[in-house]
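Student: As a plain string of letters, each chain reads:
Protein chains: 2
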Amino acid sequence: MKTRVINLKNRPVGLPDTKDFEEVQENVPELLEGQILLQSIYISVDPYLRGRMSGTKEPIFKLNAPVSSKLIARIIQSRHKNFKTGDIVSHYLDWKEYQVSDGTGLKKIDQDGAPLSANLGVLGITGLSAYLPLTTFGKPQPGETIVISAAAGAVGSIAGQIGKILGCKVVGIVGSDQKVTLLKEKFGFDAAINYQTEKDLGAAIAAHCPSGVDIYFDNVGGGISDAVFANINTYGRVVVCGSISNYNDTEIALSPSILPIVVYKFLSIHGFLIADFAAQFDQALIQLSTWLQQGKLKYTETILEGFDKLPKAFIGLFNGLNEGKMIVKV
Amino acid sequence: MKTRVINLKNRPVGLPDTKDFEEVQENVPELLEGQILLQSIYISVDPYLRGRMSGTKEPIFKLNAPVSSKLIARIIQSRHKNFKTGDIVSHYLDWKEYQVSDGTGLKKIDQDGAPLSANLGVLGITGLSAYLPLTTFGKPQPGETIVISAAAGAVGSIAGQIGKILGCKVVGIVGSDQKVTLLKEKFGFDAAINYQTEKDLGAAIAAHCPSGVDIYFDNVGGGISDAVFANINTYGRVVVCGSISNYNDTEIALSPSILPIVVYKFLSIHGFLIADFAAQFDQALIQLSTWLQQGKLKYTETILEGFDKLPKAFIGLFNGLNEGKMIVKV
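Listed in order, the protein sequences are those of chains A and B.
If you're matching positions, the first sequence starts at 161 in our numbering and goes up one per residue.
If you're matching positions, the second sequence starts at 161 in our numbering and goes up one per residue.
For the record, the hints were derived by calculation from the structure and aren't laboratory data.
Please note that a few of the clues may not be correct.
Claimed, not checked - Cβ pair distances, simulated, as ranges:
hint : chain 1 : residue 1 : chain 2 : residue 2 : range
1    : A       : K222      : B       : A435      : 31 to 41 Å
2    : B       : D337      : A       : E183      : 58 to 68 Å
3    : A       : D436      : B       : L414      : 24 to 34 Å
4    : A       : T264      : B       : T216      : 44 to 54 Å
We put the CB at the ideal spot given by N, CA and C, even for glycine.
One chain only, chain A, in its complex shape:
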């Protein structure tokens, strides 16, 4: 039996290109005792993979070896006592149509619950990356103002809705008028700003946040973040979930230094590795599922069909191809 595999061919320089990936075929070995055979169903495609490709973020992908990300797979053959054919599982796995596993780390998914793909989004790492850092580091208090960059993205749209559930004023920054409408009408944001059409983004943020910015949930970095920092309040909390505006930089981007603002405004700024919250995942997923069932959390997905679409889907993250969570259906 053969499987298609997508390897990292080159470390991308600047915007990733299809030439940085290579589709190859390999044999799927026969199962040994204690192993299972997985067939990929949905594969998550996320901006953080960019850093692992270029070698700036641990764990670093090897060249001429498969890219890996969170995926959902069906067990099509099992010689493992804890798994049976037909089980659906999720874990960080290789970009392969078929692969053998010894079961380590696999999490069984309830097939009677939310749609399977939601387990890569609102009920997966995406939802956890919004909920746990926002509440742990952002500590939102009712009446406070949260600003979210890339607010129509997978994590941003969930972070904003959680901010609303917790009683905050939530203002999103996005790159199109269509996304402004989406934030206000679908996700219930109090306001949304299109940075592409604002001449003075700092002034626009000030106008929409008359009490200043208490919490900044940042997915983009760069000039958008500079404009938010100019409006941040004393004791402001900044959760840095991503920095997508910088991921493809080939030169070092310059910004006004934020260190004097940290001193003057007594700020805290936190990056995070979501895996470090693993002990809280189960409880957080119960909360996210409850909000989802209650209709308090909505989500959008962009699903491209076909295993070979993985490179295109990944590259599309950097030019607005997706609305919400980007997923490839194998």
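Starting from the known structure of chain A, fit chain B onto it as the hints suggest.
Tutor: Leaving out everything else, chain B in the frame of chain A:
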């Protein structure tokens, strides 16, 4: 009875100037019941006052009103039941030779302990600003590497010694070879770097920190901080105590954005208002006093004599006039 007073005359632009201050005379009112008359002995002069003068840091000083800072005073007359003539107290008070107080916030100082001036330094806000944020946010673990900027300064030299007490490797960054010697011979730092004579500060930090930088205790910001961030480890903690390189900026300083590093390295960055640690002051001062008595903490002071030297002492903070804690003896 008259007293000399030093008012803020202008909000400084760039480096503060003697013309930004004005010495005036005013009458000292007669004491009412419940009041005491204070005579200033030692006045603390600190970089953070710069932000309060220019209006960027709360609480902002008013124009044509006295500057205030931590000072040590003798009670020379008392109509207050809790204070008697001869008591020595410290608190944030106005830059006046004599002033009336109702006792609010005054802390009595043990006259049989360390030298009085130490209560403005190692046993005052200076020592607390080193100890509490370093331990709370920096969380030093034995064997970790701490880098400290402005390491020969009042706070930096104490932070470094505490790092050593806690079992860390401590590397200081300073602006002269004389300070390099001071750090290594008096304060027991493992290494010290003169940024004025290093062509490539980032490479020098890398050479002295072969395991990378786990904790950065920053007093300066600017290019020195850029070079430290380039060497920071995954899960690095940054305590931003000051940003003296930026305090006199008239244009916005540009730096490589640190937000991508925050994302990739899962950093935390904290500013702080030391008053927010007030509940821990008493216990922290016991610890600092113990270390001082044990000879584990050393400190340096630069004491200028004469009330009229306050502006000169303050301005001197920005051109290297002081070694360690800057104090004016009235």
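Student: Confirm or reject each hint.
Tutor: These are the hints, each one checked on the structure:
At roughly 51 Å, the beta-carbon separation of A/K222 and B/A435 lies outside the given 31 to 41 Å, and the hint is violated. Distance hint for B/D337 and A/E183: a CB-CB separation of about 59 Å, consistent with the stated range 58 to 68 Å. Evaluation of the 24 to 34 Å hint for A/D436 and B/L414 yields a pass: the beta carbon distance comes to about 32 Å. Our hint of 44 to 54 Å for A/T264 and B/T216 holds, since their Cβ atoms are close to 53 Å apart.
Hint compliance for this structure: hint 1 is the single one not met.
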